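Trainee: Going down the list, the protein sequences come from chains X and C. Using numbering that gives the first Met the number 0, read the first sequence as starting at 0 and increasing by one per residue. Using numbering that gives the first Met the number 0, read the second sequence as starting at 0 and increasing by one per residue.
Identical copies look the same in the list; a pair holds intra-copy or inter-copy alike.
No more than 20 Å apart at the CA atoms, straight line, and that leaves these computed lysine to aspartate or glutamate pairs for DMTMM-like:
{"no.": "1", "residue 1": "Lys320", "residue 2": "Asp256"}
{"no.": "2", "residue 1": "Lys54", "residue 2": "Asp102"}
{"no.": "3", "residue 1": "Lys249", "residue 2": "Asp170"}
{"no.": "4", "residue 1": "Lys74", "residue 2": "Asp102"}
{"no.": "5", "residue 1": "Lys212", "residue 2": "Glu168"}
{"no.": "6", "residue 1": "Lys345", "residue 2": "Glu302"}
{"no.": "7", "residue 1": "Lys212", "residue 2": "Glu144"}
{"no.": "8", "residue 1": "Lys314", "residue 2": "Glu281"}
{"no.": "9", "residue 1": "Lys77", "residue 2": "Asp102"}
{"no.": "10", "residue 1": "Lys329", "residue 2": "Glu355"}
{"no.": "11", "residue 1": "Lys54", "residue 2": "Glu76"}
{"no.": "12", "residue 1": "Lys350", "residue 2": "Glu310"}
{"no.": "13", "residue 1": "Lys320", "residue 2": "Asp258"}
{"no.": "14", "residue 1": "Lys320", "residue 2": "Asp371"}
{"no.": "15", "residue 1": "Lys209", "residue 2": "Asp130"}
{"no.": "16", "residue 1": "Lys249", "residue 2": "Glu144"}
No lab work stands behind these hints: they were computed from the structure. Predicted, not measured: the structure shown is a model, and the values here were computed from it.
Protein chains: 2
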Amino acid sequence: MRNRKKLCLMILAAMGAVPSFAQPRRGGSTEPGANVRSPEVLPDHRVTFRIYAPKAAEVSVSGDWVTQGRGTAGKLEKDDQGVWSVTIGPLVPDFYNYTFTVDGVRTVDPKNGLIKPGNNSTSSMVEVPGDEEAFESTQPVPHGEVRIAWYHSSVLDTMRSIRVYTPPEYDRGSARYPVFYLLHGSGDDDAGWSTVGRAGFILDNLLSAKKIKPMVVVMPNGSMPRGSGTEAQDLFARELLENVMPYVEKHYRVLTDRDHRALAGLSMGGGQTLRVAPAHPELFAYVGVFSSGVRQEMTGDFEKRSAAFFENPEKTNKMMKVFWIGVGEKDQGANPGAKNTAQILKAHGVKYEFHESEGGHTWINWRHYLNDYAQLLFR
Amino acid sequence: MRNRKKLCLMILAAMGAVPSFAQPRRGGSTEPGANVRSPEVLPDHRVTFRIYAPKAAEVSVSGDWVTQGRGTAGKLEKDDQGVWSVTIGPLVPDFYNYTFTVDGVRTVDPKNGLIKPGNNSTSSMVEVPGDEEAFESTQPVPHGEVRIAWYHSSVLDTMRSIRVYTPPEYDRGSARYPVFYLLHGSGDDDAGWSTVGRAGFILDNLLSAKKIKPMVVVMPNGSMPRGSGTEAQDLFARELLENVMPYVEKHYRVLTDRDHRALAGLSMGGGQTLRVAPAHPELFAYVGVFSSGVRQEMTGDFEKRSAAFFENPEKTNKMMKVFWIGVGEKDQGANPGAKNTAQILKAHGVKYEFHESEGGHTWINWRHYLNDYAQLLFR
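Sequences are here, hints too, so could you generate the full structure?
Mentor: Written out as structure tokens, the structure is:
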């Protein structure tokens with residue numbers, strides 16, 4: 000029966016009558032594994048993951064729910080068709096990154112088009128819908144644009160891209176807007192915040208609820224093509240100050256005084272933020288450090304580089320509107336540095352806000368931090 | 000030795016001294032497979048693909064070079080570290096989509112951040128640089144923006160996204176521009192043309208060489224959430240006419256007469272183009288059909304639906320500036336339909352251009368077709 004169907008399809012194909020390309024592919028393919036559905040989000044917030052891997056000996060799935068302390072990794076079990084599956088959860092409604100590991104090979108879900116892009120950190124994503132993630136989901140509210148723009152970097156002598164969020168009203172008038180520079184972490188690029196980071200959606204929802212002022216958000220590429228550690232951070236600082244900011248101020252209707260400029264970054268981007276903002280208190284009135292900080296042994300170096308920030312705390316406190324630090328309680332890598340940073344600011348009498356959340360070093364936390372921090376800006 | 004190094008790293012980590020998150024990850028990881036490099040493009044245009052899969056029995060790589068008739072799929076060989084590799088080519092300089100198959104499981108390259116997104120068709124991409132791909136590469140010329148915008152679809156009762164290319168000068172004046180609606184194929188979404196399709200770069204390069212007029216290019220999402228075959232095509236036609244075009248004409252500075260409106264699509268999008276444009280000759284003066292066409296047995300149906308187009312060929316020929324059909328000689332699925340479409344137009348005395356290229360049903364051809372077709376628009 001199956002062979003007869005195949006033969007029939009082949010004859011039709013030879014007649015040019017089955018151009019699958021001309022219509023969306025749907026349903027009944029005879030290719031093994033073609034009809035596997037993954038992920039499947041169940042009404043009770045559990046998620047079933049499936050992958051066709053008839054020759055594999057071991058398949059597991061892990062994702063942000065594990066790092067965030069909301070669940071455990073899962074071992075998949077194989078059925079007699081070679082399809083592996085496992086059901087995880089229920090999970091708190093959110094967007095979760097995940098990957099399969101098939102016999103030791105990290106694999107995105109071949110059936111899932113929702114991809115977290117990244118430099119060496121590609122994974123699949125699943126949305127578990129619900130009240131807890133309404134702040135970051137695609138709502139029927141006015142939406143701003145996320146624009147991909149290219150500029151020539153004089154620092155790196157190459158073309159570089161940035162993503163720029165403009166608020167819904169941007170093209171309907173001639174107003175100038177405050178500008179918020181938002182930096183990603185290691186392994187990501189300028190696409191991170193507007194894709195897995197859901198930045199545009201978070202801002203659209205906040206704007207619609209009148210919880211923030213309209214602003215332009217600039218998401219540059221913080222991964223440097225050369226240099227490591229502090230060398231790369233200094234290179235990025237130059238890129239930001241000498242190329243990104245001048246390009247933005249020339250091409251977008253943004254305000255150019257410090258009271259209308261914010262900077263924040265996550266992880267590596269938090270390190271970049273701490274390298275740039277306190278060394279240049281004349282540039283940014285708002286500073287956000289997400290899941291990052293100054294390591295204990297770098298305290299002296301940080302204080303030295305931030306002399307302009309610490310020499311007159313009273314003046315600094317008048318100039319700085321917000322210095323916000325957020326970190327997860329389970330973020331063993333970043334938590335001590337974040338606390339040390341707060342300690343340094345305290346010792347110098349500089350005002351700050353310290354926010355310790357649940358969970359670890361995850362996009363789940365970073366989306367929440369953006370949601371919290373954005374509401375403090377440009378008041 | 001290896002264990003001692005690991006222990007040392009663990010102690011440092013416990014001291015908070017190795018927060019890899021705070022700096023870009025580079026070089027010497029002890030994780031097996033961590034330092035595998037893939038793809039590696041060699042100076043002679045050969046490409047080495049590598050993947051760490053110590054437990055796999057069989058690994059192969061295939062990509063657009065195969066479908067385009069420029070090379071063969073490769074079987075990888077395993078070294079004693081569990082790293083599989085093969086060198087392919089030399090390849091004609093171009094962007095190539097590819098995937099590994101690891102023991103029957105389709106796998107993107109875990110070491111490659113350049114991803115072709117897609118609904119069920121995710122793959123990795125590699126750029127082989129050279130003269131032949133200069134038209135589609137990221138050149139140091141003025142770049143337009145690709146904007147991601149969201150609108151509420153009354154036809155589908157959901158939020159939908161479109162990508163809109165605006166030329167470099169767009170935000171510096173108040174001019175209105177001709178508008179080109181560009182449709183993707185099955186398995187892709189509104190991201191297709193601006194990512195794997197390189198649309199923005201192709202237009203930037205053409206503009207810089209003064210080979211085209213500045214224009215706005217609108218790339219909607221042609222994949223429908225319901226319906227199959229012609230039902231889905233009619234649903235998309237409504238989406239385009241009732242939602243996408245009114246949204247674009249309200250939110251972007253585009254000209255709204257037929258002489259300044261073009262439509263083109265590839266594969267499924269070519270089918271959508273043939274469903275919309277000849278039925279509405281009052282809307283589009285420029286029509287492009289890439290790797291698609293009317294199947295023989297659908298000829299009568301097409302003629303009936305396109306009555307407005309065929310009833311007065313002399314009038315149609317005055318109205319239509321360009322009707323362009325392109326298809327690959329090896330594209331067994333689409334080639335007969337494309338030729339049949341040309342035959343129908345010829346039989347009715349309607350002018351058209353037919354361009355048969357080398358190769359098959361590939362993004363390689365579609366990027367070239369866009370490059371050719373765009374130069375004919377709005378003259």
